[in-house]
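Visitor: Read top to bottom, the protein sequences are chains V and E. Take our numbering: the last position of the first sequence gets the number 444, and nothing is skipped along the way. Take our numbering: the last position of the second sequence gets the number 271, and nothing is skipped along the way.
Nothing false has been slipped in among the hints.
Between beta-carbon pairs, the in silico distance windows are:
1) E/120 - V/426: 32 to 42 angstroms
2) E/112 - V/257: 25 to 35 angstroms
3) V/426 - E/140: 17 to 27 angstroms
4) V/426 - E/260: 55 to 65 angstroms
5) E/235 - V/279: 55 to 65 angstroms
6) E/51 - V/441: 29 to 39 angstroms
If you're looking for bench data, these hints aren't it; they were derived computationally from the structure. In this text, a Cβ means the ideal position worked out from N, Cα and C, and glycines have one as well.
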Amino acid sequence: MSRRRVGLLLEVLTPVLLLVGLIVWSNGSESFFFPPVTEMLTTFRDTWLFERFASDAVPSLYRLGVGYAAACLLGVALGVVLGSSDSAARAAEPIVEFLRAIPPPALIPFGILVLGLGDQMKIFVITMVCVWPVLLNTVDGIRGIDPTLLDTARAYGIRGVERLRSVVLPGAGPQVFAGMRTSLSLALIMMVVSELVASTNGIGYYVLQSQRNFAIPEMWSGIILLGLLGYLLNALFVLVEHRVLAWHLGARGVDH
Amino acid sequence: MHADQKGAPMLDVIGLKKTYGTGDKATVAIGDVSFSVSAGEFVCVVGPSGCGKTTLLKCMSGLLASSAGEVRLHGTRIDGPPEQMALVFQDYSRSLMPWLTVRGNISLPLKRLRLSHQERDQRVAEAVESVGLDSFTDHYPWQLSGGMQQRVAIARALAYQPDILLMDEPFASVDAQTRADLEDVVLRIRERYNITILFVTHDIDESVYLADRVIVLSSRPTSVQEVVQVPLPSPRDQVATKELPEFAHLRAHIYRAIKRVPDARAAVGA
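Make the full structure from the sequences, and use the hints.
Guide: Put into structure tokens, the structure is as follows:
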């Protein structure tokens with residue numbers, strides 16, 4: 189077998205074996221906190237396929253999606269401005285560093301006060317957290333573009349929107365994606381945190397509610413769903429990244 | 002393209018000076034450089050290493066503001082990269098967009114010219130054919146060798162159809178064989194398009210082989226040390242031309258001119 193095949197086999201086999209092991213080990217478990225894994229899985233199927241999917245998973249995903257998308261757009265847009273002008277970057281740096289330093293959950297009380305308990309508050313919190321990695325990485329990415337590339341663009345009169353589209357954004361692309369990736373995991377965290385406080389639906393809300401009602405298998409099913417979501421979102425992200433940054437990965441592969 | 006008569010002055014460099022920094026810390030990179038390039042001419046600029054050739058080229062292309070003097074293209078003063086000028090940088094791997102294919106790189110500067118799709122495609126096709134990269138239009142730069150990447154940069158400049166082509170030590174980082182091939186590519190292109198070329202190099206052989214006229218620069222603060230006519234027959238040939246006694250003579254002459262620089266300056270100082 190080739191190395192690649194062995195690697196793939198290990199990647200698939202390890203979690204499967206671990207899961208089987210857990211099922212066997214937890215079989216007949218009397219523990220209140222750790223019910224048998226089979227029971228968790230049954231509950232998972234009954235809950236999320238698809239009884240509560242629309243009522244709890246969809247609202248969560250909606251907030252995550254809107255908040256994350258807004259953060260990415262805002263982060264890139266502001267990053268382009270700050271990355272293109274030294275004086276703007278100088279002026280903004282202390283403010284950015286201050287805002288970034290605020291522990292994100294501390295924004296929730298303010299969000300509730302201003303935006304209420306609904307989706308808006310949660311989206312606001314997610315965006316406020318996710319915008320910084322994208323913003324800072326975009327600034328770094330733009331500053332790191334090779335001066336010869338920029339000279340080339342200048343010499344050929346490539347400017348304005350065309351310069352942004354064909355030179356600046358692709359040049360900063362690898363860094364921008366690194367920022368977006370960090371933000372994606374932050375988005376998932378903030379989605380759950382915002383739903384644990386004053387919420388009426390969502391996966392985070394469901395996990396908390398189940399725990400309060402001593403519905404432990406239900407609570408576990410919510411946690412499992414969050415883990416799966418994180419895994420799938422990341423996989424989706426990697427897929428998009430590989431498409432958009434194919435040139436970058438290819439070029440790096442050649443360099444090695 | 003501009004309808005210049007062959008032999009009419011196209012590019013004028015008049016009293017160009019470039020100083021970095023101010024006050025006591027100021028360093029004079031370019032002392033005083035003046036010369037002209039006529040339409041259709043192939044002019045090489047050589048000089049000792051570190052004499053500010055790249056700085057000079059950046060000033061001429063409008064990428065860098067000069068401290069004094071001016072550069073005129075078709076009689077108009079340059080204060081930014083002019084539209085009728087194309088540039089080929091030394092560092093091909095950093096002047097091609099790695100996210101664009103060969104075709105994408107060549108057609109990028111053409112976008113602002115608002116050509117029809119048909120004409121754009123035609124220009125790209127013709128340019129890649131001129132540099133011998135016909136079958137590589139869909140490759141990315143990093144999939145090509147160094148010499149091929151520099152061909153792409155040349156094709157990009159060609160498709161742009163400039164009046165004048167500025168080349169900054171374009172073959173300094175390729176191997177000798179590739180270098181000879183690329184020199185001939187440039188000569189063929191020049192023949193075919195009757196393009197005006199200003200070629201900066203530190204290689205004396207290369208300058209004599211390519212040029213109609215060689216401008217020899219002094220070391221810093223840079224000025225024009227000597228202008229040498231190259232009356233070698235065309236078309237040039239890597240073997241036959243370099244065999245000519247005249248070639249050896251010119252080569253030796255320029256070599257001495259460059260080496261003589263310190264003596265000349267000492268004499269002036271004394």
